[in-house]
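Assemble chain H onto chain F, guided by the hints.
Quick note, the sequences are listed as chains F and H, same order.
For the first sequence, position 190 matches number 192 in my numbering, and the numbering has no gaps at all.
For the second sequence, position 260 matches number 311 in my numbering, and the numbering has no gaps at all.
Check each hint, because a few of them may be wrong.
Among the chain F residues that face chain H by a calculated CB cut under 7 Å, a handful are [unchecked claim]:
#	residue
1	Met3
2	Val72
3	Gly266
4	Leu297
5	Gly299
6	Ile307
7	Leu323
8	Ala325
9	Ile328
DMTMM-like mimics (lysine to aspartate or glutamate), calculated; alpha carbons at most 25 Å apart, straight line [claimed, not checked]:
#	chain 1	residue 1	chain 2	residue 2
10	H	Lys370	F	Asp260
11	H	Lys370	H	Asp280
12	F	Lys257	H	Asp229
13	F	Lys257	H	Asp300
Since the hints were made in silico from the structure, they are not lab data.
In this text the structure is predicted, and so the values were computed from the model without any measurement.
Don't be surprised by glycine CBs; every beta carbon is placed ideally from N, CA and C.
Chain by chain, the residues run as shown.
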Amino acid sequence: MQVHDFRARLVTWIDEYGEQLAAPLEDGSVTAQLDHQRRVQRMLFDHGWMRWGWPQAIGGFGGSSILRAVLGEELTSRALVHTTSWSMHEVLGPAVAQFGRPELVEEIFPRLLRGDEFWCQGFSEPDAGSDLGALRTTARLHHDGWLLNGEKLWTSWAHHASRCVVLARTGQSGSRGVSAFLVDMDSPGITASPLQTMAGVDEFCATSFVDVEVPGERLLGDVDGGWKVAQYILSCERGPIFWQRGAWLAHHLGKLLDSVPDEGAAALLGEAYQLLWAFRARSKRTQDRIARADLPGPEASVDKIMIAAADQALFDAARELMAGVIETDDTASGLVWRREWAYSRAATIYGGTSEIQNDIVATRLLGLPRSA
Amino acid sequence: MGDVIEDDERRLMSQTLRRLAEELDGTALSAALSAFGYSELLACQPREAVSTLFEALGSAGSMSAALQDVLVLPLREVLDAAGHNVVLPPIGARCAGSLLGDTVTVRGLVIGARPGAALLVPVTADGQTAWARVSDSGLLSTRMVHGLDPALAIAEVFSTGASVTVVSTGQQATALWDDVVAAGRRALGYQIVGAVATMIDLAVAHARDRMQFGRAIGSFQSVRNRLADAYVAREAAAAALELAWAADDEFLAAMLAKSLAGRAARIAAKQCQQVLAGIGFTAEHPFHRFLARALVLDSVLGSAAELPSAIGRYLISAKTIPRLVDL
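In isolation and in its complexed conformation, chain F is listed as follows (with noise of 0.2 Å):
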């Protein structure tokens, strides 16, 4: 499929679904923002949408990555799915799709498409957050799988998610003595406690893993080879999933030009429309690397760096302008103005540090001595 016949078709049929397809605004909850996901993602399947760009053998019809990342532009600039809910099968599916037992893969592939389920991330831990290679949950050989015992924290929907990627240790200290799991959640020995954010969300978790017993084929990649499995999810996150988020910032952006048209509002609005607009010409670049199976290495640290730039651009510039929205506004439109303004302050936070992308820079491709 072309890509410029599958957007054309997917507008067409948007336009035809579009009120189905639409958000609830009144309700802000996670729980609403999850379920909307669920019912849009099921539309899109079973329209045949969200199967394009997924190898046929998991259960898509085929063609290039960048069919990904058109729909999720489509459906994020016109706000009908949030960024954030969007993500998540973009963030886990190529890499469980590339490293799972294949028979796995078949059986559980398209029920992430469908939205079915809902995966999480289980990376981070209190003492493992930007120096990921010290993380300290184990994974020790038992019968024929594993026994997991550790705890994770920052993990995404793990409250509302089915299975979860788990990094654990198997071998010596450092990045090179890990290994990837495809756990499921409803295993015993796992607790997800949710966390608020400051933004009054309780979107992420800390997750805890008693001898929770894991089967052997749930391993993803090889023994030790779970640095591998992480550095391709890290890639794929600078995939679909920013090119999406782009667009949905690019919507917000729209809807501020539409609230403060005003002159007075033209130097700020420039200010991160351009630095939107380097980002997007920075990405179609990386978009076409994935597209062809090229995936970025530390190049795409400038990517990373460039869109938290305009994230955070765009919503200072929506709090300067739109005089008292963030810190006053209580209905309905002030939440949403209000949530997403505040997620952006963890823009350089989330998905790797503004602090070692910028070092990965250093090293990578300015060729600076490692820093001590």
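The following block gives chain H in isolation, referenced to the frame of chain F:
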């Protein structure tokens, strides 16, 4: 096979332009580019011609009359403008003069001037853009600008009451000015980005070699953050320039690219200067030449301080957030 030859030709073309920009400067470089057939290349392959040469000029710190080739190109056929110099507005201004009757008051800048050429001046006439031709540059007073970047050899031209020929008015004149501005902004954008790359290279080399507290200063996080900041700003401008040719609104895309290039110039000037510290503040070290070049060019045809507002006004009147390019 055809592609291979084309690729080889393109590589040879790029190498030649880069070598000329590195080895020559000023009138010698202009003569060499003319012999190379630069203006013909520009007419048939503008993207390659502009991106390669102007980035090379920026990173080498050289200058030539090629900017005039770029500015004149949109005017060539309509105004029979081949061989002319285009007068640009002074820094901070929107036009280079005003017209009353058939006399014109001119105040503007000629950058990369061809010696003795006739001038085309964008002026305001009754609040609208018009183009005036000054057939003999001797009719105007000229001051060679020393300024922040003497090597750029800017000529400031001015006159009160020179006799001119009005060659274009109304919508045509405005459209031509928009095309000249877009072409100039793209070329200057590349030149700025080239100069920024050299500023970063100089600072990175220093950060790797310079030892303090027993280790290279490039291992200190604050130094690394400064250089990463400059690098990311440069990459942002480079990405915007690359897509400035593919966007469905070329004027807006060129404005964005120039604005982001100027932004990169400002960030790199600040961060690289700090990393280069004392040595980078001396006349002996080459850093200041690239800083001056990048900052002066930032100010020409709209600076990174002015353009975001212009971009915002453009969005307000368009009432939409253009995607500009699609996947």
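**Item:** Given hint Ala325 of chain F near chain H, where the shortest CB pair must fall under 7 Å
**Value:** violated, 17 Å
**Request:** Have a go at the Val72 of chain F hint: is there a Cβ in chain H nearer than 7 Å to its own Cβ?
**Result:** holds, 6 Å
**Message:** Next item in the hint list is Leu297 of chain F. Is there a CB on chain H closer than 7 Å to its CB?
**Reply:** violated, 17 Å
**Asked** If you take the shortest Cβ to Cβ gap from Ile307 of chain F to chain H, is it below 7 Å?
**Response** holds, 5 Å
**Request:** Using 7 Å as the Cβ threshold, decide whether Met3 of chain F counts as touching chain H.
**Result:** Violated: closest Cβ of chain H sits about 13 Å from Met3 of chain F, beyond 7 Å.
**Request:** Starting from Lys370 of chain H, check that the Cα of Asp260 of chain F is at most 25 Å away, please.
**Result:** Distance ~7 Å between Lys370 of chain H and Asp260 of chain F Cα, so the pair holds.
**Request:** For the hint on Leu323 of chain F, just tell me whether its beta-carbon gets within less than 7 Å of chain H.
**Result:** violated, 10 Å
**Request:** Would you settle whether the hint for Gly266 of chain F is holds or violated, based on the nearest Cβ-Cβ distance to chain H being less than 7 Å?
**Result:** At about 10 Å, which exceeds the 7 Å cut-off, the nearest Cβ of chain H leaves the hint on Gly266 of chain F violated.
**Item:** Residue hint Ile328 of chain F, partner chain H, criterion CB-CB below 7 Å
**Value:** violated, 20 Å
**Agreement of Lys257 of chain F and Asp300 of chain H with the hint, judged by alpha carbon distance not exceeding 25 Å** = holds, 21 Å
**Request:** Take a quick look at whether Lys370 of chain H and Asp280 of chain H sit within 25 Å of each other, Cα to Cα.
**Result:** This hinted pair is violated, its Cα atoms lying about 32 Å apart.
**Prompt:** Given the hinted pair Lys257 of chain F and Asp229 of chain H, is their alpha-carbon gap at most 25 Å?
**Reply:** Distance of about 29 Å is beyond 25 Å: violated.
Hints 1, 3, 4, 5, 7, 8, 9, 11, 12 from the earlier list are contradicted by this structure; the remaining hints agree with it.
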